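For the record, the sequence lines run as chains U and A.
Reminder that position 443 of the first sequence reads as 443 in this note's numbering, one-by-one numbering, no gaps.
Reminder that position 87 of the second sequence reads as 87 in this note's numbering, one-by-one numbering, no gaps.
Hints listed in this document are in silico derivations from the structure and should not be mistaken for laboratory results.
The reader is advised that the hints may include incorrect statements.
Derived DSBU-like pairs (lysine-lysine); straight-line CA-CA distance at most 35 Å [stated by the list, open to error]:
{"no.": "1", "chain 1": "A", "residue 1": "Lys352", "chain 2": "U", "residue 2": "Lys269"}
{"no.": "2", "chain 1": "U", "residue 1": "Lys352", "chain 2": "A", "residue 2": "Lys269"}
{"no.": "3", "chain 1": "A", "residue 1": "Lys352", "chain 2": "A", "residue 2": "Lys403"}
{"no.": "4", "chain 1": "U", "residue 1": "Lys130", "chain 2": "U", "residue 2": "Lys157"}
{"no.": "5", "chain 1": "A", "residue 1": "Lys130", "chain 2": "A", "residue 2": "Lys352"}
{"no.": "6", "chain 1": "U", "residue 1": "Lys352", "chain 2": "A", "residue 2": "Lys157"}
{"no.": "7", "chain 1": "U", "residue 1": "Lys130", "chain 2": "U", "residue 2": "Lys352"}
{"no.": "8", "chain 1": "U", "residue 1": "Lys157", "chain 2": "U", "residue 2": "Lys403"}
{"no.": "9", "chain 1": "A", "residue 1": "Lys130", "chain 2": "A", "residue 2": "Lys157"}
This structure is a prediction, so every number in the text was calculated from the model and none was measured.
2 protein chains.
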Amino acid sequence: MEDIAEYIDRHFEEYVQRLAFLCSFETLAAERRGFEEGAERVASMFEAIGGDPRIIPYEGTPYVVTHMPGTGDHTLAFYNHFDTYPIGPLSAWETPPFELTRRDNRLIGRGACDNKGNIVARLSAVEAYKAVRGELPMNILFFQDAEEEIGSPTLGKFINHHTDILQADGWIWEAGGKDASDRLEIFLGAHGILYVDLEVTTAAESIHGSYAGSFPNAIWRLVWALNTIQDEQGRVRIPHFYDAVQPVTADMRDLLASLPVDLEQLRNKLRIADWPENVPENRLSVLEQQYVAPYASIIGMGGGHQAEGVGIILPHRANARLGFFLVPDQDPDDLLTLLRDYLIDQGFGDVKITVEATLPPAGTPPTAGLARCLAETAAGIYDPTPAVFPSMRGISPMGYITKPFGVPVMGTGVGYIDSRIHQPNENIRIEDFVQNIKLMAAFIESAAGVEDWG
Amino acid sequence: MEDIAEYIDRHFEEYVQRLAFLCSFETLAAERRGFEEGAERVASMFEAIGGDPRIIPYEGTPYVVTHMPGTGDHTLAFYNHFDTYPIGPLSAWETPPFELTRRDNRLIGRGACDNKGNIVARLSAVEAYKAVRGELPMNILFFQDAEEEIGSPTLGKFINHHTDILQADGWIWEAGGKDASDRLEIFLGAHGILYVDLEVTTAAESIHGSYAGSFPNAIWRLVWALNTIQDEQGRVRIPHFYDAVQPVTADMRDLLASLPVDLEQLRNKLRIADWPENVPENRLSVLEQQYVAPYASIIGMGGGHQAEGVGIILPHRANARLGFFLVPDQDPDDLLTLLRDYLIDQGFGDVKITVEATLPPAGTPPTAGLARCLAETAAGIYDPTPAVFPSMRGISPMGYITKPFGVPVMGTGVGYIDSRIHQPNENIRIEDFVQNIKLMAAFIESAAGVEDWG
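Take these sequences, add in the hints, and give me the full structure.
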């Protein structure tokens, strides 16, 4: 690998130019702005490294799919997106957001990290590998989404309609980076989600509060309905909710035990001083709860008189945003049915359920060949040793890939703790960028030597 | 009584002039505006009918107390207030709000009904009685509040400090009127209240929603805490909550059975189409629940992500406005202690309780001599027969009077269904005004003949 690493160091300025080119235009999914132009420019970059990119529109969204054949039988796929988060107030930017600026050891611009830096790192690694070795040791598939920042609303359907061209034996997910201790993080999955709005309407309008003795109160009903859903220890009460959950393996427990996560430090930072009495404080499974267990979270709730002062009304409407965070092999659609039936069964058939988002869960066993290969390859390049997490911290459409194909998926990338993703002055560090290109090239080589990726 | 009624008819124009005078100035409690001027003008009216009013300031609030001696031993007291609700947008008024305007059969102006019309009706009844009979058959006490529209924050304390000058054997409360069928309503009490804000704070700020598996969620905790407070059938779960509640008597059940309340009609009007399954629909006690039972109502609740769209946060704070509507002999302060202890006992000591309002309950048995006397006297003057309700529909500081003195209290007044209290174009009908003056005069006469008022 020394030869490829040297090649990468020598051609580093080209990679910065690539990133500058990719950051110079905007594709804004929320406004469906720059869709075609963005797809064409992205495609041109893959053409430049010898690929044969195809722009495939689906319900108005241009997906860019590029296959690059190699000598081996395996296919490694990269999922990335070329849309970016809105820049926010321009005045908050120290440099022009669409003009990649090098300042000290950083490259600043919208998308520098999320997700254009990762696109460039991966395609540059492939280009460097080919340049040095002559050919790729496996087939490579690049798959670019244009709507990740709005939750990839058509991605699941696109994948189902194009399973033929999206066949791969393993996926590298779009992003990742280094933590506060400059330790690289690798993610082996992501919670799925069933995000619903629960609404109770008991009358056409609010009435005087003195009728509360004889007419139903929308907030009480929502409180009682929610209470049936999860108990005070955080256990979901819906029958069969846990049926599909895979048991936590000994390997997973070892992985959890090894995580460089200081919950106590986070708790102090958030000033969670008084831990509620009826929540077990030091449960051994706290990391299990966070990373590999499903849970239901009330994300927001509102109704009735919320202003200052003593108002006396009987609220006629209340709603709550409820997110079920799911793990393999839970299915958000199945859970929706369970939830509906359960609320009816509990006498809360009047609770209106509106689905706001669903995402299938994704999870790769830490023992999967490709997962171990990535961790080991990264350990040879990064110091300190990278940390492998069972799950990403955000939500992600990762499950759309793993569910139909049943292959391992891993996320990591060029970011660091101050990359300011989704904020003004988004940036990456030059050393992280180069290091990640080297990781991707090395991984292509090492993965080619692994027989069983699953 | 014919002679007094004729006197009232003959002097009717004077009563309109009195009301015009009283409506010509503003006392706005919320802004502490017109306090002294208002008290002096009110006092001048009682002086004009032969009273000896005293303006007694208490914590900056001028109370006006007027004793008028009579031949009998009983003392009948009237509670009224001379502050008015803000006028709102002047442009919404068809006539100048502080210039009482006669239009068709109505008198329009701020305070015409609430509560200046009632002050004038009562003092005019007393004046007419004295003019015709020469002297009053009992002692009369007029007691004027200046802060009723902001919840009478000093009234309870004023009463406790001046029990000597507020001794009476029965009270007529400030207001009331006719319903949609032009039937006069008489109220024998009012629910008390303990109005609290319950707040849960689990951290210094909201954090990413993926931590919901391992850190406490403020909304869930509030839901669980609230759920412990009242069950799905509307029964308060706090031990000893019902201990002080007086049993519902057979007389009270008869009274409830006689009420001209069409709950079905109200239900249709509010379009309460789908009655929740687990709420007994046709419980016999529905009126009991509304008028003579205590209950807990969540008046408002909020926390977390309430905006549109899929937000993924772990909410760190949530709050609920909870009103306990109390009946005799429940004590809001005692209940506050019960609530605090109960939440701690249930493991919810982290729920912060802020008291926003307390009012003691008030209730007069329908069999009380004075209550029966008022109902019978009114039945001789009004057609259809007046309806006697156990409780007012709003909240009221009525309990401040009944609790220390233990005497009957009844509310009724000059209003009607379209009096537009607290709204622009507040008004009363001239015929209701005159009729109410006659009722008050007749009641003074008939009550004098009742030995036992309690």
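Verification of the hints:
1. Lys352(A) - Lys269(U): Given pair Lys352(A), Lys269(U) holds - Cα atoms ~22 Å apart, limit 35 Å.
2. Lys352(U) - Lys269(A): holds (22 Å)
3. Lys352(A) - Lys403(A): Satisfied, since the Cα-Cα distance of roughly 29 Å is no more than 35 Å.
4. Lys130(U) - Lys157(U): holds (33 Å)
5. Lys130(A) - Lys352(A): Outside the cut-off at roughly 56 Å; violated.
6. Lys352(U) - Lys157(A): Not satisfied, since the Cα-Cα distance of roughly 47 Å exceeds 35 Å.
7. Lys130(U) - Lys352(U): Violated. Lys130(U) to Lys352(U) sits at ~56 Å, over the 35 Å cutoff.
8. Lys157(U) - Lys403(U): The given pair, whose Cα atoms are some 13 Å apart, holds under the 35 Å limit.
9. Lys130(A) - Lys157(A): Roughly 33 Å separates the two Cα atoms, so the pair holds.
When each numbered hint is compared with the structure, violations occur for hints 5, 6 and 7.
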